[in-house]
Amino acid sequence: MDFMQKVIGITGGIGSGKSLVCKVFSILGIPIYDADSRAKSLMNNDLVLKESIQNLLGEQAYTSSGEYNRAWVASQVFNNPELLKQLNTIVHPRVRQDSQSWIQKYPKAPFLLYEAALMKAAGDGNFFDKVIVVNAPIDLRIKRVQQRDKRTEQEIRDIIARQISEEERLKIADYVIENDEQHPVLEQVLHLYQEIGEI
158 MDFMQKVIGI TGGIGSGKSL VCKVFSILGI PIYDADSRAK SLMNNDLVLK
208 ESIQNLLGEQ AYTSSGEYNR AWVASQVFNN PELLKQLNTI VHPRVRQDSQ
258 SWIQKYPKAP FLLYEAALMK AAGDGNFFDK VIVVNAPIDL RIKRVQQRDK
308 RTEQEIRDII ARQISEEERL KIADYVIEND EQHPVLEQVL HLYQEIGEI
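Under this note's numbering, the letters of the sequence shown match residues 158 to 356, in that order.
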């Protein structure tokens, strides 16, 4: 689907500070679609999607109160790439449909941000004009997540190991924001805000 509106993807590994960068863009008036949060909401509230997930994984995919049973599902797909792929094949098209409806609501914004943990290069099966990658050194990312989530260093390293590498992520970047406590984030965001607004 072609949009008149510019849509910029933004991604980064756990602890990179992607949420902080998005918050700054939001303060500047840029609408942000949080794909991971929307996916969670849809998996809990979209009846057709719920039924499809239950057909794939069984009744235990939801608790007795009807909430998505995230921990149980994670335990089922963690070491089963094929099952995870099937789950994503159900969820991703619904999120894409939801995001396309969302985009239509903001015809006057300078551009829109689409925030997600997993992302391909702009134009590679998506509707992004450009992709921003938020980057930070591994040790700093671990420290941030420890402070935020109270996880152990090993738990965080395991999560990072399951995500795509920084090298792979940087390959899809049209823009990189260095959130390493050496380069001021605000200056980088303001620069991109102007640059993207002009493309």
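By construction, these hints were calculated from the structure, which means they are not laboratory data. No residue lacks a Cβ here, since even glycine has one placed at the ideal position from N, Cα and C. There may be inaccurate statements among the hints.
[Claimed, not checked] With a Cα cut of at most 25 Å, we get these calculated PhoX-like pairs of lysine-lysine:
| # | residue 1 | residue 2 |
| --- | --- | --- |
| 1 | K180 | K163 |
| 2 | K328 | K287 |
| 3 | K180 | K207 |
[What the hints assert, rightly or not] What follows is a set of in silico ranges between Cβ atoms, one per label pair, in the way DEER data are often shown:
| # | residue 1 | residue 2 | range |
| --- | --- | --- | --- |
| 4 | S198 | D296 | 44 to 52 Å |
| 5 | P238 | K265 | 38 to 46 Å |
| 6 | T246 | K300 | 13 to 21 Å |
| 7 | K262 | A318 | 32 to 40 Å |
| 8 | K262 | K300 | 22 to 30 Å |
- Item | Those earlier numbered hints the structure runs against, lowest number first | Of the numbered hints given earlier, those the structure breaks are 3, 4, 6, 8, listed in rising order.
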